[in-house]
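One letter stands for each residue in the lines below.
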Amino acid sequence: MDIIVSYGAVFLILAGVFGLFMAWGIGANDVANAMATSVGSRALTIKQAILIAAVFEFAGAFLAGGQVTRTIRKGIVDADLLVASPELLIYGMLAALLAAGVWLLIASRNGWPVSTTHSIVGALVGFAMVGVGMDAVKWGKVGYIIASWVVSPLLAGLLSYGLFRSVQSLILNTDDPFNNAKKYVPYYMFLVGFIIALVTFLKGLKHIGLENNTFETFVYALIAGGVMMLAGKYFVGRIKLDPSADKDFHYANVERVFSVLMIVTACAMAFAHGSNDVANAIGPVAAVVSIVSSGGEVAAKSALPYWILLLGGAGIVLGLATYGRRVIATVGNSITELTPSRGFAATLAAASTVVLASGTGLPISTTHTLVGAVLGVGLARGMEALNLTVVRNIFMSWIVTLPAGGLLSILFFFTLKGIFS
Amino acid sequence: MAAGGYMTGIFGSSPVKPMQQHMARVLACVSELIPLFEAVFREDWDSVAASQQKISTLEKEADVLKKELRMQLPKGLFMPVSRQDLLEVLTMQDKIANRAKDIAGVIVGRHMVFPAIIHDNYKKYVRRCVDACEQANRAINELDELVGTGFSGQEIKLVVEMIQKLDAIESDTDSWQADIRLQLFAVEKELPPVDVMFLYEIIEWTGDVADRAQRVGSRLQLMLAR
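Chains A and B are the protein sequences, given in the same order. Numbering of the first sequence is given in our numbering, commencing with residue 123 and proceeding in unit increments. Numbering of the second sequence is given in our numbering, commencing with residue 464 and proceeding in unit increments.
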């Protein structure tokens with residue numbers, strides 16, 4: 123207890139700095155992946171993509187990021203075992219943050235495809251297993267999380283397959299794809315608004331004092347979807363057939379209609395990413411802050427302070443502004459095969475899956491989910507060429523990242539423990 | 464992650480554009496047969512040699528494109544069409560150019576003279592064979608639109624119609640070939656036997672150009688039927 127009282131401020135500052143560093147890293151690297159399909163499909167310019175990412179990542183983090191933060195904060199490590207020595211939990215959380223941050227830095231330098239989520243979960247499990255004991259890990263919950271890493275790309279793939287199939291049969295595969303696109307695209311917009319609003323209202327908004335019952339939530343989500351649909355109708359209605367872009371079936375024109383939809387789904391994706399990934403940075407911070415502010419009370423039922431979510435959101439935007447621009451530009455210029463009709467199907471499927479996971483409190487990898495969604499469109503014969511080696515790389519990154527994050531965090535845990543006690 | 468991360472890694476380089484470029488090169492190569500034969504009938508051997516050079520260069524360029532495309536189609540690539548089918552279409556495209564090169568080569572090497580009686584029909588015959596290649600090129604040019612629609616109904620119908628037209632053109636060339644053979648048969652006794660043998664061979668090879676163009680079409684059709 124003495125340690126917490128005497129070093130409380132130091133712990134808080136360390137947590138803040140490490141958390142900001144992590145959030146910066148997410149903004150710098152991860153966001154580009156989340157926005158990749160939007161920029162690649164040329165529906166957005168780089169500038170627009172950055173603006174959208176900044177606004178919606180922040181909104182997602184702030185409005186719907188609470189649930190996953192709670193999981194990272196207390197879902198993985200069993201704090202009850204640490205009532206007697208709360209400082210261990212502080213060391214552990216700091217070590218996990220530092221470990222994940224360092225591992226991501228190493229991986230970035232070498233171009234390895236690792237996931238922020240996997241790094242932090244690996245780090246948390248690592249310190250708890252070795253620093254405290256096997257029982258300190260909530261294996262049931264961790265099992266869930268790991269299962270969700272398998273399920274989320276599959277689900278996203280299934281959704282994007284279905285979405286693209288519906289686009290084929292409703293629009294592309296008809297005699298008048300242009301007018302059918304104008305007719306049906308607003309309905310897809312409804313879907314975007316509805317899903318995002320539903321999950322956000324259902325799970326996310328408790329911490330800003332909005333609590334609704336299920337019925338109200340549905341009504342609000344329907345309204346949100348309806349508003350989106352009307353806005354979509356307006357913008358789609360302004361698109362006139364451009365005969366010069368005409369080949370046999372006006373596909374160039376059809377894609378212009380889908381561009382409008384792509385912009386909306388890009389917002390949804392940024393929102394979803396913010397809601398899920400910001401927790402990786404601020405979950406441990408929240409844990410440290412809660413222990414320090416309660417003077418060593420591990421199991422305190424304190425609510426998540428606003429400013430921590432703000433910290434996470436700000437860190438992401440900072441990373442985006444300083445380094446992410448360049449990454450997004452690179453991504454945008456190297457993905458040229460993606461058209462808005464594909465990009466939309468993949469992004470909407472991924473965004474829905476991620477938001478769903480955020481609502482359930484499961485930390486998943488946004489990028490892996492997006493990869494699954496892109497493959498789903500490919501299965502519907504929608505892509506010219508996909509590189510399946512990426513799938514292998516993802517499995518490799520799993521196998522490497524979990525132990526690497528764990529080992530590093532064990533190392534940092536004992537270092538911190540040595541320094542402070 | 465390295466700039467771009469692995470989201471960019473998942474998009475392999477598309478084979479569609481290179482396929483179309485290759486076919487365009489093949490068509491340019493085959494089209495040169497028209498001036499070549501005109502020069503042969505004028506017995507203007509300088510022009511013939513120039514045409515033959517052009518054909519040979521274009522054929523080599525097509526070959527380079529073919530090899531590049533093969534290199535960028537690793538086994539791990541996931542495409543809306545089977546890799547096997549795609550490679551077969553490519554091989555068949557390349558064989559059209561090879562045949563054009565063979566024809567030009569033998570004509571230049573032997574300074575072949577064609578009996579005047581078949582000149583008119585032969586021009587039409589060659590023209591029709593080039594038509595077949597043009598039609599195959601048109602069908603291959605729809606590949607991007609096919610992917611654009613996710614290989615669905617309307618676009619497939621369009622391509623299938625193109626392939627049917629290609630078949631019709633090829634069968635035209637068959638009847639021209641039969642006519643020319645008949646004309647040649649009528650005069651063959653007056654010509655040196657070895658020359659006649661080669662004339663028949665060139666007639667056959669010219670027909671091969673259309674035949675292989677048609678096979679590009681049928682391979683394409685196989686590719687669509689999945």
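No wet-lab data here; the hints were simulated from the structure. Backbone N, C-alpha and C define an ideal beta-carbon position, used for all residues, glycine too. Be careful, since some hints might not be right.
[To be verified] Label pairs and their in silico Cβ distance ranges: (1) B:637 / A:301: 26 to 34 angstroms; (2) B:681 / A:269: 46 to 54 angstroms; (3) A:169 / B:483: 44 to 52 angstroms; (4) B:623 / A:288: 23 to 31 angstroms; (5) A:511 / B:624: 57 to 65 angstroms; (6) A:177 / B:526: 51 to 59 angstroms.
Now the hints, each set against the structure:
no.	hint	result
1	B:637 / A:301: 26 to 34 angstroms	violated (44 angstroms)
2	B:681 / A:269: 46 to 54 angstroms	holds (48 angstroms)
3	A:169 / B:483: 44 to 52 angstroms	violated (33 angstroms)
4	B:623 / A:288: 23 to 31 angstroms	holds (25 angstroms)
5	A:511 / B:624: 57 to 65 angstroms	violated (38 angstroms)
6	A:177 / B:526: 51 to 59 angstroms	holds (52 angstroms)
In the structure shown, a violation is registered for the earlier hints numbered 1, 3, 5, in ascending order.
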